[in-house]
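Trainee: We have chain B; now place chain S onto it with these hints.
From first to last, the protein sequence lines are chains B and S. Take the first sequence: its letter number 5 is residue 5 in the numbering used here, and every next letter is one higher. Take the second sequence: its letter number 111 is residue 410 in the numbering used here, and every next letter is one higher.
Just so you know, these hints were derived from the structure itself, not from any lab. All values derive from a computational prediction rather than experimental measurement. All residues carry an ideal CB built from backbone N, CA and C; glycine is no exception. Careful: at least some of the hints might be erroneous.
Unchecked claim - The calculated EDC-like cross-link candidates involving lysine to aspartate or glutamate, where the alpha carbons are at most 20 Å apart (straight line), are:
no., chain 1, residue 1, chain 2, residue 2
1, S, 369, B, 222
2, S, 381, B, 222
3, S, 381, B, 261
4, S, 385, B, 250
5, S, 367, B, 222
6, S, 366, B, 222
Unchecked claim - Computed Cβ-Cβ distance ranges for the label pairs, DEER-style:
no., chain 1, residue 1, chain 2, residue 2, range
7, B, 168, S, 383, 28 to 36 Å
8, S, 317, B, 45, 46 to 54 Å
9, B, 57, S, 318, 42 to 50 Å
10, S, 395, B, 128, 56 to 64 Å
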Amino acid sequence: MSATSGVAAAAGPGDRLAALEAELASVRAELDDLNLLYQATIEHGEAVEDQLAEANLALQTTQKRLTEELTEAANYIFSILPEPRTASPVTEWLLLPSTELGGDSFGYHDIDADHMAFYLLDVCGHGVGAALLSVTAINVLRSAALPNTDFRDPGAVLSALNDAFPMERQHNMYFTIWYGVLTRSTGVLRYASGGHPPSVLRRADGSVLTLSTPGIAIGMMEAMSYRAAECTVGAGDRLHLVSDGTFEVETSPGQMLAFQDFVDRLARSETPGEVLDWVRGLNGPGPLPDDFSLLNIRF
Amino acid sequence: MTSLNHETVNGALVLKPSRRIDSSSAKAFEDDAAALLDKGPKKVVIDATDLDYISSAGLRVILTTAKKAKAAGGGLTIACAKNNVKEVLAVSGFDNIFGLHDSVAQAISALA
Numbered sequence: 001m002s003a004t005s006g007v008a009a010a011a012g013p014g015d016r017l018a019a020l021e022a023e024l025a026s027v028r029a030e031l032d033d034l035n036l037l038y039q040a041t042i043e044h045g046e047a048v049e050d051q052l053a054e055a056n057l058a059l060q061t062t063q064k065r066l067t068e069e070l071t072e073a074a075n076y077i078f079s080i081l082p083e084p085r086t087a088s089p090v091t092e093w094l095l096l097p098s099t100e101l102g103g104d105s106f107g108y109h110d111i112d113a114d115h116m117a118f119y120l121l122d123v124c125g126h127g128v129g130a131a132l133l134s135v136t137a138i139n140v141l142r143s144a145a146l147p148n149t150d151f152r153d154p155g156a157v158l159s160a161l162n163d164a165f166p167m168e169r170q171h172n173m174y175f176t177i178w179y180g181v182l183t184r185s186t187g188v189l190r191y192a193s194g195g196h197p198p199s200v201l202r203r204a205d206g207s208v209l210t211l212s213t214p215g216i217a218i219g220m221m222e223a224m225s226y227r228a229a230e231c232t233v234g235a236g237d238r239l240h241l242v243s244d245g246t247f248e249v250e251t252s253p254g255q256m257l258a259f260q261d262f263v264d265r266l267a268r269s270e271t272p273g274e275v276l277d278w279v280r281g282l283n284g285p286g287p288l289p290d291d292f293s294l295l296n297i298r299f
Numbered sequence: 300m301t302s303l304n305h306e307t308v309n310g311a312l313v314l315k316p317s318r319r320i321d322s323s324s325a326k327a328f329e330d331d332a333a334a335l336l337d338k339g340p341k342k343v344v345i346d347a348t349d350l351d352y353i354s355s356a357g358l359r360v361i362l363t364t365a366k367k368a369k370a371a372g373g374g375l376t377i378a379c380a381k382n383n384v385k386e387v388l389a390v391s392g393f394d395n396i397f398g399l400h401d402s403v404a405q406a407i408s409a410l411a
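So that you can see chain B by itself, here it is in the shape it has in the complex (with noise of 0.2 Å):
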C-alpha cells in the first residue's frame, strides 16, 4: 500500500485528477447497472403480484361458488325438516350445525289418522358426507321407504333401517336415532332408540322421565334387532328429542357438563331457543363443538 501511494504522490494534481474522473465514471457505470437491475426487479415484481391478483380472483370465484353451493345443501336440509305444528301435538325446534352442513336431522308426520311418528337422527361426524346421509335417512322414514315395515313399531323401523344403512355399505357412516310413535287414540307412546341420547318427558305434574332403549348406533353392526318401549302420554306433557350436540360442552376445562343437569334444565325450558342460550354460555364464546338440534313437543 505504502509504495502505491508514494506512487500517487509523486504523480502531478492532472494525473490525479484524471484517475479521479476515471473512478467516477466507472462509480456511474456501476450505478447505471444497478438502477436496470432496480428497474427489471421491480417490473418483475410487478408482474409476479399481477400474476397473485389473478390467482387470488381464481380462488375468491372458486371459494364463492363453493360458498354458494353449501348454502343451497343447507337450504335443502332446511327445506325437508317440517313446519313447527300449531295444532296439538305442537312442535317447536331449533337445528344449528356446526359447520355449513351437519348430520343432524330430525322430523315428524302423521303415520295413518290415530298413529303420528317423531325422530331425530345424528351421522357421526359433520360436513357433506354426513349431511347427504342424514338426509338420505330421513327421506327414508319420511316416505315410508323400507320394505315389509310396520312404521307404528318402533323396534321394527329401527331393525329395518340397521339393515338398510350397514357402515360397510355407507363410508364407514353410522347414525344415531330415537324413534317415537304416539297413537292419538289411546296416548300411547313407543319408541326405541339406537345410541342416542335418551329423550327427556316432563309431565305435567311436574314429573322427569328419560326414554331410551338399550341399542346401538344405526349401522355399526349388522343383524342387530331393536326393541320397543312405551309409556302413556297426557295432556300437558312435553317431549324434548336431543341430539348429543346439545350437550357435550365443557363447564369448565377438562369438565365436560352432566347429562343429568341438561336434563334438568331442559326439562325446565319452554322453548328451544332458552336451552341453546343456555348451554352457549356454558360453552363460552365461539361455535359449539357439535350440531345443535332439539325438537319439544307438546301433547
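Mentor: Only chain S this time, still in chain B's reference frame:
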C-alpha cells in the same frame, strides 16, 4: 412408535388411553391400536382407568378397533370405566355389545 399406553397380558392386548378420546385424539388412538393389532394379538381390553371423557369420535374408534379384532378372530371388551364414561357407553349401547368389567383380569377372562 406408539404413544398409546399398552401391555400384553396373557396374550390379550391391554390398551390404556389417558384422559380423553375425542375428535382431536381419536385418530391417533385408532392408528396406534391398528398398528399394535397388526403385530398379532386378537383380544383387546380397553383399560379405561385413566379415561375421563370419551366423545362420539372416541366411540367410533373403539368400534373400528373392535371390528379389526373381531375380523382377526378375537374380540374387544372394556374395563374400569369411571361413571361418566360408563354413562356414555350406556347411551351408545356399547355396554351391552362389548361388556363392562370391574378389572382388567375379569375383562381378559371374559374374552377367553
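Trainee: Work down the list of hints and note, for each, if the structure agrees.
Mentor: These are the hints, each one checked on the structure:
1. 369(S) x 222(B): This hinted pair holds, its Cα atoms lying about 13 Å apart.
2. 381(S) x 222(B): The hint is violated at about 29 Å.
3. 381(S) x 261(B): holds, 18 Å
4. 385(S) x 250(B): holds, 18 Å
5. 367(S) x 222(B): holds, 15 Å
6. 366(S) x 222(B): holds, 12 Å
7. 168(B) x 383(S): 28 to 36 Å: holds, 31 Å
8. 317(S) x 45(B): 46 to 54 Å: holds, 52 Å
9. 57(B) x 318(S): 42 to 50 Å: holds, 46 Å
10. 395(S) x 128(B): 56 to 64 Å: violated, 32 Å
In this structure, the earlier hints numbered 2, 10 are contradicted, and the remaining ones agree with it.
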